[in-house]
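Q: One-letter residues, chain by chain:
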Amino acid sequence: KQEVTQIPAALSVPEGENLVLNCSFTDSAIYNLQWFRQDPGKGLTSLLLIQSSQREQTSGRLNASLDKSSGRSTLYIAASQPGDSATYLCAVEAAGNKLTFGGGTRVLVKP
Amino acid sequence: NAGVTQTPKFRVLKTGQSMTLLCAQDMNHEYMYWYRQDPGMGLRLIHYSVGEGTTAKGEVPDGYNVSRLKKQNFLLGLESAAPSQTSVYFCASSETSQSSYEQYFGPGTRLTVT
Chain A
1 KQEVTQIPAA LSVPEGENLV LNCSFTDSAI YNLQWFRQDP GKGLTSLLLI QSSQREQTSG
61 RLNASLDKSS GRSTLYIAAS QPGDSATYLC AVEAAGNKLT FGGGTRVLVK P
Chain B
1 NAGVTQTPKF RVLKTGQSMT LLCAQDMNHE YMYWYRQDPG MGLRLIHYSV GEGTTAKGEV
61 PDGYNVSRLK KQNFLLGLES AAPSQTSVYF CASSETSQSS YEQYFGPGTR LTVT
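In the order they appear, the protein sequences are chains A and B.
Counted from 1, the first sequence has number 61 at position 61 by this note's numbering; the numbering is strictly sequential.
Counted from 1, the second sequence has number 61 at position 61 by this note's numbering; the numbering is strictly sequential.
Heads up, some of the hints might be wrong.
Quick list of simulated restraints, FRET-style, between CB atoms [said to hold, decoys possible]:
#: 1; chain 1: A; residue 1: 55; chain 2: B; residue 2: 15; range: 21 to 31 Å
#: 2; chain 1: A; residue 1: 7; chain 2: B; residue 2: 62; range: 25 to 35 Å
#: 3; chain 1: B; residue 1: 51; chain 2: A; residue 2: 14; range: 42 to 52 Å
#: 4; chain 1: B; residue 1: 20; chain 2: A; residue 2: 78; range: 37 to 47 Å
#: 5; chain 1: A; residue 1: 83; chain 2: B; residue 2: 10; range: 18 to 28 Å
#: 6; chain 1: A; residue 1: 85; chain 2: B; residue 2: 38; range: 19 to 29 Å
#: 7; chain 1: B; residue 1: 12; chain 2: A; residue 2: 69; range: 40 to 50 Å
#: 8; chain 1: B; residue 1: 96; chain 2: A; residue 2: 56; range: 42 to 52 Å
#: 9; chain 1: A; residue 1: 22; chain 2: B; residue 2: 72; range: 12 to 22 Å
#: 10; chain 1: A; residue 1: 15; chain 2: B; residue 2: 51; range: 44 to 54 Å
#: 11; chain 1: B; residue 1: 71; chain 2: A; residue 2: 111; range: 38 to 48 Å
#: 12; chain 1: B; residue 1: 82; chain 2: A; residue 2: 56; range: 23 to 33 Å
#: 13; chain 1: B; residue 1: 40; chain 2: A; residue 2: 111; range: 40 to 50 Å
#: 14; chain 1: A; residue 1: 72; chain 2: B; residue 2: 96; range: 25 to 35 Å
For the chain A half of the interface with chain B, some residues (derived, Cβ under 10 Å), not all of them [unchecked claim]:
#: 15; residue: 4
#: 16; residue: 12
#: 17; residue: 32
#: 18; residue: 74
#: 19; residue: 76
#: 20; residue: 86
#: 21; residue: 89
#: 22; residue: 90
#: 23; residue: 103
Note that these hints are calculated values from the structure, not bench results.
The structure displayed is predicted, hence computed values, not measured ones.
Cβ atoms here follow ideal geometry from the backbone N, Cα and C, with glycine treated the same way.
Chain A on its own, in the form it takes in the complex (with noise of 0.2 Å):
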């Protein structure tokens, strides 16, 4: 059974730090890994899709790897502002299009 890991649960940086998070992913037989932003009370917004082909996708600050023979997929966000203050979940597909998240880094950006 597919687990899906992100550490730390919680991370607060002060504004202008670069922020790396991580998510791990025990069965490697992926066909893509998607990074969500939550809100406080509101849905999921996709950020990147990565395809189990990439090794990378990027979307302005946003940068996101993967590394599949190893589980593996971080999230950078550059020059963090206190907009980017949010719950960032990961997400891997596998067969039948059914996802399965992780439990999320709930970010802090500190003016």
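Following the hints, complete the assembly by docking chain B onto the known chain A.
A: Okay, now just chain B, sitting in the frame of chain A:
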């Protein structure tokens, strides 16, 4: 283009009551999903549908039923609510099962069972 919408946004039920959560998408997506999210945990898949008229069980299906009579709608039913079903419920949809298609999520329904 509203994306994925959910009705209602909030609901309080007493143990044993029943209710139906409605999810609608206007993107002509084939796949639809129902997840629940509990405090400190990620989302867990309850049921999903790969097309109109089809449904399948996810990771935590017990106590829930679903129906997909129309392509754009996916209903989640609780026949006899229990306090353990207090959670936030999210609906999602995606185009196909191919790896390049991401899932789009609704805003969630916060359900409390007393």
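Q: Against each hint, give a clear statement of whether it holds in the structure.
A: A quick look at each hint next to the structure:
Evaluation of the 21 to 31 Å hint for residue 55/A and residue 15/B yields a failure: the beta carbon distance comes to about 50 Å. A hinted range of 25 to 35 Å for the beta carbons of residue 7/A and residue 62/B is consistent with their spacing of about 30 Å. About 49 Å separates the C-beta atoms of residue 51/B and residue 14/A, a value consistent with the hinted range of 42 to 52 Å. About 44 Å separates the C-beta atoms of residue 20/B and residue 78/A, a value consistent with the hinted range of 37 to 47 Å.
The hint said 18 to 28 Å for the Cβ distance between residue 83/A and residue 10/B, and at roughly 26 Å that hint holds. The hint said 19 to 29 Å for the Cβ distance between residue 85/A and residue 38/B, and at roughly 22 Å that hint holds. As the Cβ distance of residue 12/B to residue 69/A is approximately 48 Å, the hint placing it in 40 to 50 Å holds. In this structure the hint that residue 96/B and residue 56/A lie 42 to 52 Å apart at CB is violated, the actual value being about 24 Å.
With their beta carbons about 37 Å apart, residue 22/A and residue 72/B fall outside the hinted range of 12 to 22 Å. Between residue 15/A and residue 51/B the C-beta distance comes to about 46 Å, which sits within the given range of 44 to 54 Å. The hint said 38 to 48 Å for the Cβ distance between residue 71/B and residue 111/A, and at roughly 46 Å that hint holds. For the pair residue 82/B and residue 56/A, the supplied restraint of 23 to 33 Å is violated, since their beta-carbon distance comes to about 44 Å.
Remark: the range hint 40 to 50 Å for residue 40/B to residue 111/A is contradicted by a beta-carbon distance near 26 Å. Residue 72/A and residue 96/B have their C-beta atoms about 27 Å apart, which keeps the hinted 25 to 35 Å range intact. Here the hint on residue 4/A is kept, as its CB sits about 7 Å from the closest CB of chain B, short of 10 Å. With 10 Å as the threshold, the beta carbon of residue 12/A stays out of range of chain B, its nearest partner Cβ sitting at about 17 Å, so the hint is violated.
Interface restraint check for residue 32/A: the shortest CB-CB distance to chain B comes to about 5 Å, inside 10 Å, so the restraint holds. Proximity of residue 74/A to chain B is violated relative to the hint, the smallest CB-CB distance being about 17 Å (cut-off 10 Å). The interface hint given for residue 76/A is broken, as the beta carbon of that residue sits about 20 Å from the closest beta carbon of chain B, more than 10 Å. Taking 10 Å as the C-beta contact cut-off toward chain B, the hint placing residue 86/A at the interface is violated, the least distance being around 14 Å.
A hinted interface residue such as residue 89/A counts as satisfied when its beta carbon comes closer than 10 Å to some beta carbon of chain B; here the least separation is about 6 Å, so the hint holds. Because the smallest distance between the Cβ of residue 90/A and any Cβ of chain B comes to about 9 Å, under 10 Å, the interface hint for this residue holds. At about 5 Å, the closest approach between the beta carbon of residue 103/A and any beta carbon in chain B falls short of 10 Å, and the interface hint on this residue holds.
Of the numbered hints stated above, those contradicted by the structure are hints 1, 8, 9, 12, 13, 16, 18, 19 and 20, listed in ascending order.
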